[in-house]
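Given the coordinates of chain A, assemble chain B onto it according to the supplied hints.
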Amino acid sequence: MKKKTIFVVTFILPLLLLWTGVAVSQDRNAVVDSMKQRYPALLEAKNNGLVGEAWTGLVNIVKPDAPARVKSLVNAENNDRRTLFQIIAKETGTPITEVAVQNRIRQYRLASGHHFVQDKNRNWVKKNQLQ
Amino acid sequence: MRHFLWPVVSVMVLALAACTQHTVTADTTHRVEIAPIHVTVDINLKVQRALDDALSFQGNLEDIFTEDELKMLEKQ
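Protein chains in written order, with the numbering used here: chain A, 1 to 131; chain B, 1001 to 1076.
Hints in this document: simulated from the structure, not taken from any laboratory. Misleading hints may appear alongside valid ones.
[To be verified] Here are the simulated DSS-like cross-link-like pairs (lysine-lysine), alpha carbons at most 27 angstroms apart as the crow flies:
1. B:1046 with A:36
2. A:36 with A:63
3. B:1075 with A:36
4. A:127 with A:63
5. A:90 with B:1075
6. A:36 with A:3
7. A:127 with B:1046
8. A:71 with A:3
9. A:36 with A:71
10. A:90 with B:1046
11. A:71 with A:120
12. A:90 with B:1071
13. A:127 with B:1071
14. A:120 with A:63
15. A:127 with A:71
16. A:4 with A:63
Bound conformation, chain A alone (with noise of 0.2 angstroms):
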């Protein structure tokens, strides 16, 4: 008996943790490729309008008669940040809700004066006239 509990401990244990790392890695990496090949789309709805930055940390669209793929488009870059969020909150040990809001941050500082993002009422403003 102990020499199975040995024998777990010190071959099967350290196997099941590497394979939940690189699990976890192969996620992360298809969650940024994924929202890397995306970004131009993202980026040219923004610049025309339809896309913004919203409050939660998430996009939203701007515009209720956006095209169906751009809302598509929306739909979609909100399931990768959304996995993106749980990944770093586990890795920093911080509440997805907080990565969520850091990641507003983050998107509000990138975004271009003419960009739309969200004042804290949750209101459409474009980022040169927000106060």
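Then chain B, alone, in the frame of chain A:
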């Protein structure tokens, strides 16, 4: 002739009054002054570095925070 004078004059006066136009406008706009909103933001450098590590294709930490801000954050 005199019998018709006053009725004719009255009709002419009424006709002139009917030709005038009166418009009344009311200014219903409300001017509201919004004082500048000051927002205190807490930066979590550990999370910002993790986001930067993943999303560097969007822009780097140096694009987001000034040198002074980064120095201040690193001191915390």
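Now the hints, each set against the structure:
Using a Cα cut-off of 27 angstroms, the hinted pair residue 1046 of chain B and residue 36 of chain A holds, with the two alpha carbons roughly 22 angstroms apart. Simply put, residue 36 of chain A and residue 63 of chain A have alpha-carbon atoms about 24 angstroms apart, close enough for the 27 angstroms limit, and the pair holds. As the CA atoms of residue 1075 of chain B and residue 36 of chain A are separated by approximately 32 angstroms, the hinted pair breaks the 27 angstroms bound. A hinted pair counts as satisfied when its Cα atoms are at most 27 angstroms apart, and residue 127 of chain A with residue 63 of chain A qualifies at roughly 16 angstroms.
For the hint linking residue 90 of chain A to residue 1075 of chain B, the alpha-carbon distance of about 24 angstroms falls within 27 angstroms, and the restraint holds. Distance hint between residue 36 of chain A and residue 3 of chain A is unfulfilled; the C-alpha atoms sit about 49 angstroms from each other, more than 27 angstroms. Distance hint between residue 127 of chain A and residue 1046 of chain B is fulfilled; the C-alpha atoms sit about 25 angstroms from each other, no more than 27 angstroms. Distance check on the hinted pair: residue 71 of chain A and residue 3 of chain A sit about 58 angstroms apart at the alpha-carbon level, beyond 27 angstroms; violated.
Straight-line distance between C-alpha atoms of residue 36 of chain A and residue 71 of chain A comes to about 18 angstroms, which keeps the hinted pair within the 27 angstroms bound. Between residue 90 of chain A and residue 1046 of chain B, the direct Cα distance comes to roughly 12 angstroms. Compliance with the 27 angstroms bound is thereby established for this hinted pair. Distance restraint check for residue 71 of chain A and residue 120 of chain A: the Cα-Cα separation of roughly 23 angstroms lies within the 27 angstroms cut-off, and the hinted pair is therefore satisfied. Simply put, residue 90 of chain A and residue 1071 of chain B have alpha-carbon atoms about 26 angstroms apart, close enough for the 27 angstroms limit, and the pair holds.
Pair hint residue 127 of chain A plus residue 1071 of chain B holds up; C-alpha atoms about 26 angstroms apart against a cutoff of 27 angstroms. Straight-line distance between C-alpha atoms of residue 120 of chain A and residue 63 of chain A comes to about 19 angstroms, which keeps the hinted pair within the 27 angstroms bound. At roughly 22 angstroms between alpha-carbon atoms, residue 127 of chain A and residue 71 of chain A fall within 27 angstroms of each other, so this suggested pair holds. Note on residue 4 of chain A and residue 63 of chain A: the hinted pairing is violated, with a Cα-Cα distance of about 63 angstroms set against a maximum of 27 angstroms.
In summary, the numbered hints that this structure violates are 3, 6, 8 and 16.
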